[in-house]
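In order, the protein sequences belong to chains A and B. The first sequence begins at 7 in my numbering and counts up by one. The second sequence begins at 139 in my numbering and counts up by one.
If you are wondering where the hints come from, they were derived from the structure by calculation, not from laboratory data. These numbers come from a predicted model, not from an experiment. Please note that the accuracy of each hint is not assured.
Claimed, not checked - Computed list of lysine to any residue pairs in SDA-like fashion (alpha-carbon distance at most 20 Å, straight line):
#: 1; chain 1: A; residue 1: 63; chain 2: B; residue 2: 177
#: 2; chain 1: B; residue 1: 190; chain 2: A; residue 2: 47
#: 3; chain 1: B; residue 1: 190; chain 2: A; residue 2: 51
#: 4; chain 1: B; residue 1: 141; chain 2: A; residue 2: 65
#: 5; chain 1: A; residue 1: 15; chain 2: B; residue 2: 190
#: 6; chain 1: B; residue 1: 141; chain 2: A; residue 2: 83
#: 7; chain 1: B; residue 1: 207; chain 2: A; residue 2: 63
#: 8; chain 1: A; residue 1: 15; chain 2: B; residue 2: 241
#: 9; chain 1: A; residue 1: 63; chain 2: B; residue 2: 240
#: 10; chain 1: A; residue 1: 15; chain 2: B; residue 2: 229
#: 11; chain 1: A; residue 1: 63; chain 2: B; residue 2: 190
#: 12; chain 1: B; residue 1: 141; chain 2: A; residue 2: 15
#: 13; chain 1: B; residue 1: 207; chain 2: A; residue 2: 50
#: 14; chain 1: A; residue 1: 15; chain 2: B; residue 2: 199
#: 15; chain 1: A; residue 1: 63; chain 2: B; residue 2: 180
#: 16; chain 1: B; residue 1: 141; chain 2: A; residue 2: 48
#: 17; chain 1: B; residue 1: 249; chain 2: A; residue 2: 15
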Amino acid sequence: DSGVTQTPKHLITATGQRVTLRCSPRSGDLSVYWYQQSLDQGLQFLIQYYNGEERAKGNILERFSAQQFPDLHSELNLSSLELGDSALYFCASSVATRGGPDTQYFGPGTRLTVL
Amino acid sequence: DAKTTQPTSMDCAEGRAANLPCNHSTISGNEYVYWYRQIHSQGPQYIIHGLKNNETNEMASLIITEDRKSSTLILPHATLRDTAVYYCIVRGYYNQGGKLIFGQGTELSVKP
């Protein structure tokens with residue numbers, strides 16, 4: 007158990023719909039990362055938040071957005087869903103302070119199926 | 139972050155040591171070597187990381203060559219539960235964190 011929690015574990019929805027994935031980081035971790043894993047793309051970085059502020063963006067679609075709340079949990083919002091958005095979505099967290107290498111710990115993931 | 143090259147797949151007999159190689163010939167002086175693994179569709183699991191010295195923890199050992207252009211992850215006594223995809227990632231030290239870039243990894247099959 008990494009200490010990172012994600013809900014829900016599974017999500018089945020229809021095209022055009024909107025869903026919200028939730029992530030709670032490990033206690034003390036300030037940074038949250040979102041990754042997408044689809045069969046044809048592998049694990050891809052989407053976005054990072056550090057202490058409530060967006061820190062880095064990767065291959066995140068405009069239909070997707072995220073935020074990190076004052077209690078440091080994060081939500082990933084996916085809208086106008088398409089079949090190709092079906093994937094595993096992982097959240098990771100890290101301490102991300104200055105002074106040394108930064109290790110990310112991953113949650114169990116949310117499996118999204120768009121029908 | 140430097141690019142890494144790993145074999146696509148490897149087999150290992152249960153109880154034997156699994157040695158997983160990784161080439162990172164363009165690594166720079168301040169970049170670390172990280173290893174993660176992913177069992178089936180679970181979240182990637184951190185294994186170990188190092189800069190230039192060999193490292194060991196309860197899960198594995200990491201051997202980095204003197205020129206730092208390659209490394210080997212060693213699972214000393216592989217079990218069936220070590221069957222997974224193993225990712226070697228090279229990344230620098232960032233203030234306030236930084237993304238991980240995953241390649242295709244090595245699919246390790248531990249066989250009875």
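We went through each hint and held it up to the structure:
About 27 Å separates the Cα atoms of residue 63/A and residue 177/B, which puts this hinted pair outside 20 Å; it is violated. Restraint check for residue 190/B and residue 47/A: the C-alpha separation of about 31 Å exceeds 20 Å, so the hint is violated. Restraint check for residue 190/B and residue 51/A: the C-alpha separation of about 26 Å exceeds 20 Å, so the hint is violated. Only pairs whose Cα atoms come within 20 Å are accepted, and residue 141/B paired with residue 65/A is accepted, the gap being roughly 18 Å.
Restraint check for residue 15/A and residue 190/B: the C-alpha separation of about 38 Å exceeds 20 Å, so the hint is violated. A threshold of 20 Å between alpha carbons decides the hint, and for residue 141/B with residue 83/A the separation of about 31 Å lies outside it, so the pair is violated. With a C-alpha separation of about 29 Å, the suggested pair residue 207/B and residue 63/A falls outside the 20 Å cut-off, and the hint is violated. A C-alpha spacing of about 25 Å is found between residue 15/A and residue 241/B, which places the hinted pair above 20 Å, so the restraint is violated.
With a C-alpha separation of about 16 Å, the suggested pair residue 63/A and residue 240/B falls inside the 20 Å cut-off, and the hint holds. Proximity of residue 15/A to residue 229/B is assessed by CA-CA distance (about 30 Å); at most 20 Å being required, the pair is judged violated. Between residue 63/A and residue 190/B the CA atoms are separated by roughly 30 Å; this puts the pair beyond 20 Å, and the hint is violated. Distance restraint check for residue 141/B and residue 15/A: the Cα-Cα separation of roughly 32 Å exceeds the 20 Å cut-off, and the hinted pair is therefore not satisfied.
At most 20 Å may separate the alpha-carbon atoms for a hinted pair to count; residue 207/B and residue 50/A exceed this at roughly 25 Å. With a CA separation close to 32 Å, the supplied pair residue 15/A and residue 199/B exceeds the 20 Å bound. Annotation: proposed proximity of residue 63/A to residue 180/B is violated, straight-line Cα distance about 24 Å (limit 20 Å). For the given pair, residue 141/B sits about 16 Å from residue 48/A by alpha-carbon distance, which is consistent with the 20 Å threshold.
In summary, the hint linking residue 249/B to residue 15/A is not supported, as the alpha carbons are separated by about 30 Å, beyond the 20 Å threshold.
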